[in-house]
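As they're listed, the protein sequences go chains F and V.
Residue numbering for the first sequence follows our numbering, beginning at 1 and increasing consecutively.
Residue numbering for the second sequence follows our numbering, beginning at 114 and increasing consecutively.
For the record, the hints were derived by calculation from the structure and aren't laboratory data.
Watch out, some of these pointers could steer you wrong.
[As the list claims (entries may be wrong)] Label-pair restraints from in silico Cβ distances:
no. : chain 1 : residue 1 : chain 2 : residue 2 : range
1   : F       : Tyr-10    : V       : Gly-166   : 25 to 33 Å
2   : V       : Lys-169   : F       : Thr-14    : 45 to 53 Å
3   : F       : Arg-67    : V       : Glu-130   : 29 to 37 Å
4   : F       : Arg-67    : V       : Lys-169   : 35 to 43 Å
5   : F       : Arg-9     : V       : Val-168   : 16 to 24 Å
6   : F       : Thr-14    : V       : Ala-191   : 47 to 55 Å
7   : V       : Gln-127   : F       : Glu-52    : 45 to 53 Å
8   : F       : Ser-22    : V       : Lys-169   : 29 to 37 Å
Every residue gets a Cβ at the ideal spot worked out from N, C-alpha and C, and that includes glycine.
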Amino acid sequence: KAGVTQTPRYLIKTRGQQVTLSCSPISGHRSVSWYQQTPGQGLQFLFEYFSETQRNKGNFPGRFSGRQFSNSRSEMNVSTLELGDSALYLCASSSTAGGNEQFFGPGTRLTVL
Amino acid sequence: TQLLEQSPQFLSIQEGENLTVYCNSSSVFSSLQWYRQEPGEGPVLLVTVVTGGEVKKLKRLTFQFGDARKDSSLHITAAQPGDTGLYLCAGARHSGYALNFGKGTSLLVTP
Chain F
1 KAGVTQTPRY LIKTRGQQVT LSCSPISGHR SVSWYQQTPG QGLQFLFEYF SETQRNKGNF
61 PGRFSGRQFS NSRSEMNVST LELGDSALYL CASSSTAGGN EQFFGPGTRL TVL
Chain V
114 TQLLEQSPQF LSIQEGENLT VYCNSSSVFS SLQWYRQEPG EGPVLLVTVV TGGEVKKLKR
174 LTFQFGDARK DSSLHITAAQ PGDTGLYLCA GARHSGYALN FGKGTSLLVT P
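Next up, chain F with everything else stripped away, as it sits in the complex (with noise of 0.2 Å):
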């Protein structure tokens, strides 16, 4: 069974851009959900999607954004791209609604300049 797919893996924009992240899910898996990655603050939850619905969405600001498809592919978009948005963003996917046994991604690296 083939793992959670994101890409690009990396990407570089500038202040003030805007920027998609896409991610596919392991096949049958309905749950994904994102994360930020940074040295300073860690993991830190972004939003969940199932069955192309928010479940959950964690403390970030509304240029956070994201949605998930028919087949369970989720994108995320990060809108007026500020330097503190650079991190590894983490996609994740579980077989059931708020499944706490999470199979990630790679991540995508977002460099802000």
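Assemble chain V onto chain F, guided by the hints.
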């Protein structure tokens, strides 16, 4: 405020040594997971503990969930260079709720 505190933050040991990593909180968790993350990769799930006092073994790794379900430990026996990585604990306050992650313990095992 970090819900889960991990210690130590960094650990550098030689091959063959034993070590213990701790994950502590003042909150009760319905379950707790341990993940290992290697550079350039996402975290990989090692184990889930659910019952207070539970002990699980995975080869040379022993995981324990505290009786009160507020803390956990990971003990590695005879560490090997392949154990090098970032060890993360994560807990859910209630089943179906979002996971809270500790900041991790970065382990380096040298030959």
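Status of the hints after comparison with the structure:
For F/Tyr-10 paired with V/Gly-166, a C-beta distance near 44 Å fails the hint of 25 to 33 Å. Here the CB-CB span from V/Lys-169 to F/Thr-14 is close to 47 Å, well matched to the stated 45 to 53 Å. The hinted range of 29 to 37 Å is not satisfied by F/Arg-67 and V/Glu-130, whose Cβ atoms lie roughly 47 Å apart. The hinted range of 35 to 43 Å is satisfied by F/Arg-67 and V/Lys-169, whose Cβ atoms lie roughly 37 Å apart.
Between F/Arg-9 and V/Val-168, the C-beta spacing of about 38 Å breaks the proposed range 16 to 24 Å. The supplied range of 47 to 55 Å is met by F/Thr-14 and V/Ala-191, whose beta-carbon atoms lie about 49 Å from each other. Taking 45 to 53 Å as the suggested C-beta distance range, the pair V/Gln-127 and F/Glu-52 conforms, at roughly 51 Å. Range check, F/Ser-22 to V/Lys-169: Cβ separation about 35 Å, and the 29 to 37 Å hint holds.
The earlier numbered hints that this structure contradicts are 1, 3, 5.
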